[in-house]
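Residue numbers (our numbering), protein chains in the order written: chain A, -8 to 394; chain B, -8 to 394.
None of these hints come from the bench; they were simulated from the model.
Don't take every hint at face value.
Which copy? The list can't say, so a pair holds if one copy fits it or any two copies do.
As the list claims (entries may be wrong) - Think about it this way: if two alpha-carbon atoms lie no more than 20 Å apart in a straight line, the pair counts; the simulated DMTMM-like pairs of lysine to aspartate or glutamate are: (1) K272 <-> D99; (2) K153 <-> E190; (3) K306 <-> E380; (4) K227 <-> E190; (5) K272 <-> D23; (6) K272 <-> E21; (7) K65 <-> D1; (8) K193 <-> E157; (9) K221 <-> E391; (10) K113 <-> E186; (11) K136 <-> E391; (12) K98 <-> D363; (13) K65 <-> E122; (14) K98 <-> E303.
There are 2 protein chains.
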Amino acid sequence: MKIIYMGYEDYVNLGYRPGKNDLVCEFSVEPDMGLSVREAAGRVAAESSTGTWVDVTTSNPYVNKISAKVFYIKGRIIRIAYPLELFEPDNVPQILSSIAGNIFGMKDIRNLRLEDVDLPPKIIKSFRGPEFGIHGVRKLLGVKKRPLLGTIIKPKLGLKTKDHAEVAYQAWVGGCDIVKDDENLSNQAFNPFRERVRETLKMRDKAERETGERKMYMPNVTAETGEMLKRAEFVKRQGGEYVMLDILTAGWSALQALRNANLGLVIHAHRAMHAAITRNKRHGISMLAIAKFARLIGVDQLHIGTVVGKMEGGKEEITEIEGEIERKIIQPDRNNHVLAENWLHIKPVFAVCSGGLAPVHVPRLVRMLGRDIIIQMGGGIHGNPEGTEAGAREARKAVERFA
Amino acid sequence: MKIIYMGYEDYVNLGYRPGKNDLVCEFSVEPDMGLSVREAAGRVAAESSTGTWVDVTTSNPYVNKISAKVFYIKGRIIRIAYPLELFEPDNVPQILSSIAGNIFGMKDIRNLRLEDVDLPPKIIKSFRGPEFGIHGVRKLLGVKKRPLLGTIIKPKLGLKTKDHAEVAYQAWVGGCDIVKDDENLSNQAFNPFRERVRETLKMRDKAERETGERKMYMPNVTAETGEMLKRAEFVKRQGGEYVMLDILTAGWSALQALRNANLGLVIHAHRAMHAAITRNKRHGISMLAIAKFARLIGVDQLHIGTVVGKMEGGKEEITEIEGEIERKIIQPDRNNHVLAENWLHIKPVFAVCSGGLAPVHVPRLVRMLGRDIIIQMGGGIHGNPEGTEAGAREARKAVERFA
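Looking at chain A on its own, in the form it has when it is part of the complex (with noise of 0.2 Å):
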């Protein structure tokens, strides 16, 4: 076999203009004392495409074409063009081992953060995006213009079956578009899952009935894999429309295989976890990046933040996010890691604020972020004095005053 070497150095070509069938990150870079950043790049290049720590003797010249290159640095921040050919199209987790896998782990550097990705036209076609989407769900609810309103059932944990169900009810029928089960409500023993699902439902066409209005219900399906494709079926079958899920403690490969199940129900995405990734802003993957895989792959809904409320996320990070999960065209901007990218035929998927909201809030977030949200509040409807319904009402009427 023929011997290439290559040094780190060979994964550094600034004079490189990535193409059409390059997948391009941003990531900023913090190496250790002694080590520049142009050389730090080329290690996080070489260890995320076809590189180890030293030359191998086992390398061919047809290797080299495939190595990524990196073709941009400024500071901290470098860019790195990845050729199509190192991945898989169509399998999120062997893209993210690549660009988001062991390089965080590297010795000599001490912070390292996946900005943004720019995915070439083949792998966004070879994914399916959601079924829905924003304008899907809408139809779905026969909603037009005001932002969605969803609570989720408080206390998150505890409730029995029979009141978790009169506590929808109490939503629903107050004005709330959607009910949602909490992030980590799945099938124990106080509420076991089949009979909340049977129950909820029943109590959901109590509630269309009584309002005259489509109202959904979001059981969460959060489990195994196997286990999970069972659940969201019994919801297709008791009647239900939409299924929830923790997409991060379930992972990427349970949310495609849900996706690629194609039950016709609209999948919600909630984000738990997403924290531990995400909240350091010098190591780990940005939000930015994990919302633009799960659009790919194809959620219907997806927790972006709130700003005001209880959880952390600052405006312009949060607008970027939105328009990453709702344009077909995104054009870059440098000050805030967002790089270029072309949605083609994938839809735009409807971000969801959650986290300590109350009515209160619904004129600011609508003002930062436009009537195409659904807005979820727990405590803001369910601690009104007067209780669950009258809570939803009051909600209802701020999100009206948008309609």
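Dock chain B against chain A, hints included.
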């Protein structure tokens, strides 16, 4: 519905002693200015069990009984006991959505790290754990005492199938026990999965005949869950004995699906992406906790770090992780955030050291971690100036000293 108000203080009970039906977590917590550790601890316990940011009118007396309780505060270290009822016992994603979910994103808490988890027997009993474990893998290979020797085909991506199989053959005849795909090699056009499995297993058979030793190949089955299972079944049909999975980029639901499929294949767990979550010692999730859930579900082999190689990870941390995945009874160690555990029927997992290792590192690794480790060298074998076979011979000599 009777209203019960619970404030954060109601989630703190320093006189409480956890019982056998509690799941216990240790966190380190750094509140924002103006918030005490005690208050922050109460908020974490609330958000990860039954509470939210306001009192709600939908709570019921029976809910309080299953609320989490902060029972230990020392400096920034807190321990929280969660009643078993909060969890679906055999559902790792659900457990993580509780104890490692929203809490990382709480605005008033600057940093939060899940350090360790002590699982109650009823949760341990609901999982299978590894099918093979250390003993089963040793039996399969017929290697009694010495560390096992593995290699990863290098370059990590780009070799064509024939060349890939040829490098594997050289590694085996040189003395490797195990040959592994790299973490980002799955089913790319230059080296399609099925063809690779067929060709490489042919070379394995040849190497077994020539050396008189058992040789193992670990094809990487990381993909969407259904596709992952199809690939694993294909490996089984072709006479393979092993698969590997990128457990974090594929996700916990996929790993549970692979283990529950019960294919009689050894499961090798690669942890690509872990350092995005585990590296910051003040925020995120410890590798110790991740290792614990991997053992619980049932990986047979798990990457734990090298201390001496190209990846970060200190000696104390790595020996603690090794103890956690290998021992039956875990003794608590306050200095290292290690909680007690009794692993009951769950077999020990083989610890894998990988990343920047060469034959020269072997004695130190064995001194630190014992003989029950799998030492993987990629560049450390294929970087030998005389080629892969010579590199494997040298590496084998290094491990034979501990036969």
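Going down the list of hints, with the structure as the test:
{"no.": "1", "hint": "K272 <-> D99", "result": "both (19 Å within a copy, 17 Å between copies)"}
{"no.": "2", "hint": "K153 <-> E190", "result": "within (7 Å within a copy, 58 Å between copies)"}
{"no.": "3", "hint": "K306 <-> E380", "result": "neither (31 Å within a copy, 57 Å between copies)"}
{"no.": "4", "hint": "K227 <-> E190", "result": "within (14 Å within a copy, 43 Å between copies)"}
{"no.": "5", "hint": "K272 <-> D23", "result": "both (17 Å within a copy, 17 Å between copies)"}
{"no.": "6", "hint": "K272 <-> E21", "result": "both (12 Å within a copy, 17 Å between copies)"}
{"no.": "7", "hint": "K65 <-> D1", "result": "within (19 Å within a copy, 50 Å between copies)"}
{"no.": "8", "hint": "K193 <-> E157", "result": "within (10 Å within a copy, 62 Å between copies)"}
{"no.": "9", "hint": "K221 <-> E391", "result": "neither (37 Å within a copy, 50 Å between copies)"}
{"no.": "10", "hint": "K113 <-> E186", "result": "neither (43 Å within a copy, 23 Å between copies)"}
{"no.": "11", "hint": "K136 <-> E391", "result": "within (10 Å within a copy, 72 Å between copies)"}
{"no.": "12", "hint": "K98 <-> D363", "result": "neither (44 Å within a copy, 25 Å between copies)"}
{"no.": "13", "hint": "K65 <-> E122", "result": "neither (39 Å within a copy, 50 Å between copies)"}
{"no.": "14", "hint": "K98 <-> E303", "result": "between (29 Å within a copy, 4 Å between copies)"}
Comparing the model with each numbered hint stated earlier shows that hints 3, 9, 10, 12 and 13 do not hold.
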